[in-house]
Every structure is written in structure tokens, then in C-alpha cells.
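Trainee: Residue strings, one per chain:
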Amino acid sequence: MIKKLWAWFVEAIKETLNLSWTLVGLIIATLTLTGSARQITGLATIITLGIWLITIKFRK
Amino acid sequence: MLRLLLALFLLIPMPVLADHVPTQPAYGQDLTTDNNAGTITIGILGSDGWEDSPPENYTIFFSGSSGITETNSFCVTTSFGHQTNTWQYYTFSNDDLKYYFADLAGKNFYFAIRSNNETDNSVSTLTTESVYNIYAGVSFEFNQTDWSAPTGTDACNPYVVTTTTTVAPATTEDAAVEEEVVEETTTTSTTLPPPPPPPTTIPPEEIIVDVKVEGVDKTYTQADVNDGTVDRDKERVANQDKYGCYMTDAQIERGDCNIPEEEPKEEVIIVVDDTKEELSNDDDMVLEVELQDEVEELEPIKEEDTPKEEVKIDVEKLEEEFAIEEEVIELPEIIIVEEIVEDELYEEIPGDDIIREETVQEEDVQDQVVQEIEVPEKVIVKELTEEEVAIEVAEVEEVIEDIVIEEVTIEEVIEVIEQVNDIGVQNLDQATEEVQEVVQAVVEEAIENVEELTEEQVAVVAEVLQVEEDDVEIIAEAVKEDEVVAKAVEEYVERAVKNADVENYTLADVVTEVQYEAFLENPIETFVDLDFEGITINNIGDDMTQDQKEKAQEVVVPVILTRIASMAAFIFRRS
Numbered sequence: 001m002i003k004k005l006w007a008w009f010v011e012a013i014k015e016t017l018n019l020s021w022t023l024v025g026l027i028i029a030t031l032t033l034t035g036s037a038r039q040i041t042g043l044a045t046i047i048t049l050g051i052w053l054i055t056i057k058f059r060k
Numbered sequence: 061m062l063r064l065l066l067a068l069f070l071l072i073p074m075p076v077l078a079d080h081v082p083t084q085p086a087y088g089q090d091l092t093t094d095n096n097a098g099t100i101t102i103g104i105l106g107s108d109g110w111e112d113s114p115p116e117n118y119t120i121f122f123s124g125s126s127g128i129t130e131t132n133s134f135c136v137t138t139s140f141g142h143q144t145n146t147w148q149y150y151t152f153s154n155d156d157l158k159y160y161f162a163d164l165a166g167k168n169f170y171f172a173i174r175s176n177n178e179t180d181n182s183v184s185t186l187t188t189e190s191v192y193n194i195y196a197g198v199s200f201e202f203n204q205t206d207w208s209a210p211t212g213t214d215a216c217n218p219y220v221v222t223t224t225t226t227v228a229p230a231t232t233e234d235a236a237v238e239e240e241v242v243e244e245t246t247t248t249s250t251t252l253p254p255p256p257p258p259p260t261t262i263p264p265e266e267i268i269v270d271v272k273v274e275g276v277d278k279t280y281t282q283a284d285v286n287d288g289t290v291d292r293d294k295e296r297v298a299n300q301d302k303y304g305c306y307m308t309d310a311q312i313e314r315g316d317c318n319i320p321e322e323e324p325k326e327e328v329i330i331v332v333d334d335t336k337e338e339l340s341n342d343d344d345m346v347l348e349v350e351l352q353d354e355v356e357e358l359e360p361i362k363e364e365d366t367p368k369e370e371v372k373i374d375v376e377k378l379e380e381e382f383a384i385e386e387e388v389i390e391l392p393e394i395i396i397v398e399e400i401v402e403d404e405l406y407e408e409i410p411g412d413d414i415i416r417e418e419t420v421q422e423e424d425v426q427d428q429v430v431q432e433i434e435v436p437e438k439v440i441v442k443e444l445t446e447e448e449v450a451i452e453v454a455e456v457e458e459v460i461e462d463i464v465i466e467e468v469t470i471e472e473v474i475e476v477i478e479q480v481n482d483i484g485v486q487n488l489d490q491a492t493e494e495v496q497e498v499v500q501a502v503v504e505e506a507i508e509n510v511e512e513l514t515e516e517q518v519a520v521v522a523e524v525l526q527v528e529e530d531d532v533e534i535i536a537e538a539v540k541e542d543e544v545v546a547k548a549v550e551e552y553v554e555r556a557v558k559n560a561d562v563e564n565y566t567l568a569d570v571v572t573e574v575q576y577e578a579f580l581e582n583p584i585e586t587f588v589d590l591d592f593e594g595i596t597i598n599n600i601g602d603d604m605t606q607d608q609k610e611k612a613q614e615v616v617v618p619v620i621l622t623r624i625a626s627m628a629a630f631i632f633r634r635s
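Those sequence lines, one after another, are chains D and Z. If you use our numbering, the first sequence corresponds to residues 1 to 60, in order. If you use our numbering, the second sequence corresponds to residues 61 to 635, in order.
Quick caveat, the hints were computed from the structure, so don't treat them as lab data. Since we're looking at a predicted model, the values are computed, not measured. Glycine residues also receive a C-beta, built at the ideal position from the N, C-alpha and C atoms. Please note that a few of the clues may not be correct.
Facing chain Z, from chain D, some residues (calculated, C-beta under 7 Å) [unchecked claim]:
1) Thr-16
2) Asn-18
3) Ile-28
4) Gly-35
5) Ala-37
6) Gly-42
Every beta carbon over 12 Å from chain Z, so not counted as near; a handful from chain D, in silico [claimed, not checked]:
7) Lys-3
8) Trp-6
9) Phe-9
10) Glu-11
11) Ile-13
12) Lys-14
13) Leu-17
14) Leu-53
Could you put together the complete structure from these sequences and hints?
Mentor: Next comes the structure, spelled out in C-alpha cells:
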């Protein structure tokens with residue numbers, strides 16, 4: 001179980017690194033926004049990243 | 061994997077996300093008194109909003125003795141309705157209290173609150189009874205000797221859940237006509253219900269109205285009249301006839317009824333060709349008739365257009381104006397206009413139609429000249445020399461000399477901002493720091509008191525912030541709720557001066573800078589510090605200024621496009 005978690009963790013880091021430029025863009029976008037738009041964008045970014053990382057194996 | 065999914069499913073608190081009851085009672089209540097004015101203010105905390113029928117208003121039941129029920133106490137209904145997790149306040153004036161109580165000094169004031177949604181015919185349970193011992197001071201010592209307690213509708217006129225009898229539709233088979241009997245069965249896990257009231261016998265209500273609804277006599281009670289049931293029933297019948305929906309006006313406005321939009325009727329023009337029978341089979345003859353028809357069709361167009369002389373006068377006038385502008389701005393000559401006109405002519409008028417060409421040319425020239433004249437207003441950029449800036453700065457300093465920020469008036473604020481607008485905020489780098497600080501304070505003052513400003517004054521404030529007039533109000537609201545925007549306004553002048561060499565530096569840039577600094581200080585908080593109160597799908601982005609939206613678009617759109625392009629490239633490589 002721990003091995004599996006560790007493998008997923010390593011894979012998640014790789015995937016996040018693959019998304020580096022996109023994440024930079026989204027963070028900049030979030031910082032450019034204000035009010036409700038900023039909150040929605042920030043939350044959507046985090047949730048989508050979470051789903052993306054959880055579904056690594058499913059997508060492969 | 062399956063077990064993990066099961067565990068996740070069990071972990072998610074599904075009931076928490078579900079609606080609690082149709083209409084929830086208030087989540088909190090409090091009472092404060094103003095012992096000088098002799099008023100009582102009841103605070104009502106709105107629910108979390110997870111309900112089908114959020115309160116349209118609240119009824120406060122109150123009395124001088126405990127055991128409050130809906131029938132043994134006085135009551136008032138608020139004009140405000142639901143706001144998620146937000147405190148709202150109802151104030152009893154001194155006169156109100158004198159009306160309900162002979163004397164209040166040192167007495168107990170008991171109250172409980174009920175939430176009402178009249179549209180959906182739904183009410184909550186009463187909140188737990190609260191008690192407050194009123195201050196034994198002069199302001200609450202009424203000592204009324206000839207006072208008598210209000211009774212009947214004077215004492216309490218709340219919204220009452222209707223339990224009307226079913227009226228069978230006389231002419232239609234629409235099942236929606238039947239009104240359901242609604243009972244007060246709502247409960248909540250957050251607020252304990254009030255102690256059960258002693259059994260009381262409610263006298264039958266007087267039947268006073270006899271109205272025909274859909275051809276059937278329907279009787280109403282006094283309560284029905286008071287709470288608007290009669291009016292709503294009339295609206296329902298009217299809307300049944302009009303839209304086929306047995307609903308109130310409020311429900312129709314809410315969009316509960318599916319009303320098909322009426323499409324505009326197209327005009328059908330039938331052209332009867334009289335020449336058909338007269339035409340012979342000879343080709344030459346047909347050609348002649350066609351040519352005649354063309355001339356006949358074109359002539360009326362020429363007559364309908366603006367007379368030539370008038371057009372000439374207008375064009376001359378406009379050309380004169382244009383010539384004056386041209387001297388100042390040095391715009392390119394009208395040659396471009398002629399080229400455009402020619403192009404348009406080729407596109408619009410196929411064939412050699414000389415009469416129409418002349419007409420269209422004049423019209424197009426007119427339009428084009430007007431457009432050309434409008435341009436200079438936007439193009440003019442007033443660039444001041446160093447000497448002029450120095451003079452203007454001196455004028456700003458002169459105006460500021462007499463100003464005390466704590467006592468500054470709106471007129472003074474606007475005067476200072478107008479002076480600053482003359483030179484531009486970024487040119488304040490030539491002024492002393494003290495002047496910059498005063499200007500900053502003045503700008504903040506203007507934003508704080510935006511409600512008191514006239515339209516012209518708002519325009520002045522908008523100019524100093526380099527935003528649109530409508531955005532000033534948005535900024536004023538955002539300052540109250542968003543720390544980042546508040547800080548940006550606070551530091552606007554200082555940062556604008558520091559970025560004097562940056563073109564088109566606006567408040568939106570300051571906001572972005574402040575957010576960037578906050579992100580560097582605490583990256584996680586930027587994404588985690590969320591407050592979705594009052595946010596709906598429809599109003600996302602409404603609290604952003606136009607300038608901010610444009611600057612955000614410049615970032616967001618390229619990010620999305622880049623991502624799409626990289627995905628496409630990846631798919632292309634794989635295939």
C-alpha cells in the first residue's frame with residue numbers, strides 16, 4: 001500500500017512538472033483577477049489539479 | 061480500488077450538502093438597545109441558504125411575557141429577506157414600543173422569529189425564545205396611563221400559511237389549478253422548537269370576501285385578505301388566462317412558467333407583375349422592358365435620399381470643422397476616405413448604376429467624414445512640458461495647503477482631484493512626498509464617500525483612477541470586502557508615482573502588484589482564503605472593473621490558447 005502511494009506520489013510530481021507552464025499561467029491569471037472571479041479561478045485550478053493527479057492511472 | 065471508492069463515498073457528508081427544510085429558521089438572533097434613544101434592535105442571522113424556499117421576510121413575535129407563540133404575542137414583519145449567513149437588523153422605534161407596551165423600563169422583552177416564503181407558501185418553525193431585560197432608564201419609562209394593548213390585526217399581522225379549500229377548475233383540466241393544502245411541518249436540527257403553547261381555541265375567522273375564481277365562488281377570510289392570498293389568487297387566475305400557468309406574478313417573474321417568446325411576424329410583400337401578359341416572346345422587347353423597370357426602380361430611391369443641396373452644405377460645414385482639427389492633429393488627408401468609398405461601391409453596387417453610385421457616394425462620404433471627426437477626440441494626448449508640470453504641481457500644492465484630511469469636504473476632495481487630473485497622477489513625482497500623501501488620502505476619501513458624489517464628481521474620481529465611471533462604484537464596494545483592492549487604493553498614488561515611466565498605469569496594475577506580493581508572502585492563503593458568500597453563476601466577475609477584466613483577459617486567453625496548442629501538438633506527435 002505504501003509502495004503504491006509512493007509510486008503515485010512520484011507520478012503526481014512528474015505530472016505537476018509537466019503542467020508547470022500551464023500552472024504558471026493560471027496562477028498569473030488568478031493574481032490578475034479580483035473578487036469572485038479570482039476565488040472561482042483559484043478554486044477551480046486547485047480542484048482540477050487534484051482531479052488530474054488522482055486520475056493519473058485512469059487516464060493512462 | 062473499489063474499497064477506496066466506497067470509503068470516499070462514505071466520507072463525503074452527503075446530508076450536509078442537501079437541503080435542510082423548505083424554509084429554515086434564522087440561524088441566530090440577538091437584541092441590542094439604544095438607551096438614549098429608547099429603541100430596540102433585533103438582529104437576525106440568515107441561514108446557510110440550503111433550502112428550497114429561502115425567507116422573503118421574517119416575522120418577529122414578541123411579548124412582555126414568556127411562552128411566545130404565533131397567536132399569543134405581538135408581531136412585526138421585516139421588509140428584508142434571506143441573506144446567507146448575514147446579520148440583518150430590525151429596529152423598534154421609541155414610538156413603536158410605546159404602541160405595544162405601557163412601560164418597558166426594567167421589564168423583560170421576550171421574542172422569537174419565524175422565516176416566511178409567501179411565494180412558495182412556506183414558513184419555518186419559530187426560533188428558540190430569547191429574553192432580554194430592558195434597561196430601567198428614562199427612555200424606556202413610558203408610564204402610559206391611558207394605554208390599551210393593541211388587538212387583532214393592529215397587534216399582529218404576520219404572513220399566515222394558507223390552508224384553503226380546493227377549487228375544481230370549471231372550464232379547464234389544468235391540474236395546476238388545485239392548490240395544495242400546506243401544513244406547518246417544517247423542523248430543524250439547529251434550533252429547538254419553542255415550548256408547546258397552552259391549548260387555545262381560535263375563533264372562526266370572519267368570512268368577508270366572496271370572489272368568483274374561474275367561474276366558481278370562492279370565499280376568503282380576513283387573514284386571506286391581510287396576507288394577500290386574495291391578490292395572489294387573482295394573479296394566478298389572470299396568469300392562467302394569459303400564459304396558461306396557474307401562478308402568481310412573482311412566480312412568473314422568477315421564470316417558473318415556460319412562456320414561449322413571440323417571434324416577430326415577417327411581412328410578406330406580394331409583388332404583382334402587370335407586364336407579364338404584355339410581354340412578347342421577342343428577346344429585344346423583353347430587354348427594353350427590363351431596362352425601363354430598372355430606371356423606374358432606381359428613380360424613387362434617388363427621390364427618397366437626402367437632397368443634393370443639403371448634403372453639400374453639411375459636407376462643407378463638416379469639412380470646415382475637419383480642416384480646423386486637421387491643423388491641430390495633422391491627420392492624413394481624405395484620400396483614404398475616397399478609397400474606402402470606391403471599395404464599398406464595388407461591393408455594394410454590382411454593374412454600372414450611375415444614379416445610385418452618386419447617391420451612395422455622398423452618403424458614404426458624409427458618414428466617413430463624421431467618423432473621421434470623431435477620432436481626434438480620442439487621439440489627443442495632452443503632453444505637458446516640464447515647466448507646465450511644475451506650474452500645475454504648484455497649483456495642486458496651493459489647493460492642498462488649506463486642507464485638513466480629517467475635516468475635508470466633498471467639494472475640496474473633488475477640487476484636489478481635478479487639479480491632479482490636470483497633470484496626471486504619475487506626474488506627481490515632481491511634488492513633495494507630503495503632497496503625494498495628501499492626494500492619496502483625498503483619493504481614498506473620495507472612494508469612501510462615493511455614494512455622496514454627483515455623476516460629474518464620479519467622473520473626476522474615475523479619471524484619477526484611470527477607470528470607467530461605472531467602475532468607481534465597483535471599486536468602492538470592493539474596498540469594503542476585498543483587502544487587496546483596499547490596499548491597492550491605499551497605495552495607488554504612491555505606486556503610480558513610482559511607475560511614472562510606465563504607460564497606461566492604472567488601478568488594475570496596482571491590484572495585480574499587491575496580489576502578487578501577497579502571493580509571494582503566503583502562496584497557499586491566496587488560494588485557500590475563499591469566501592463564496594453572495595456569489596452566483598450569474599454575478600461572477602461583476603465585482604471587477606472593466607479595466608481589470610481587460611487586463612485579465614490579456615493573460616487568461618493566451619494561457620488557454622497555449623494549453624490547447626500544446627495538447628494539439630502532443631496528439632499530433634503521438635499519431
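Trainee: Quick check: which numbered hints come out false for this structure?
Mentor: 1, 2
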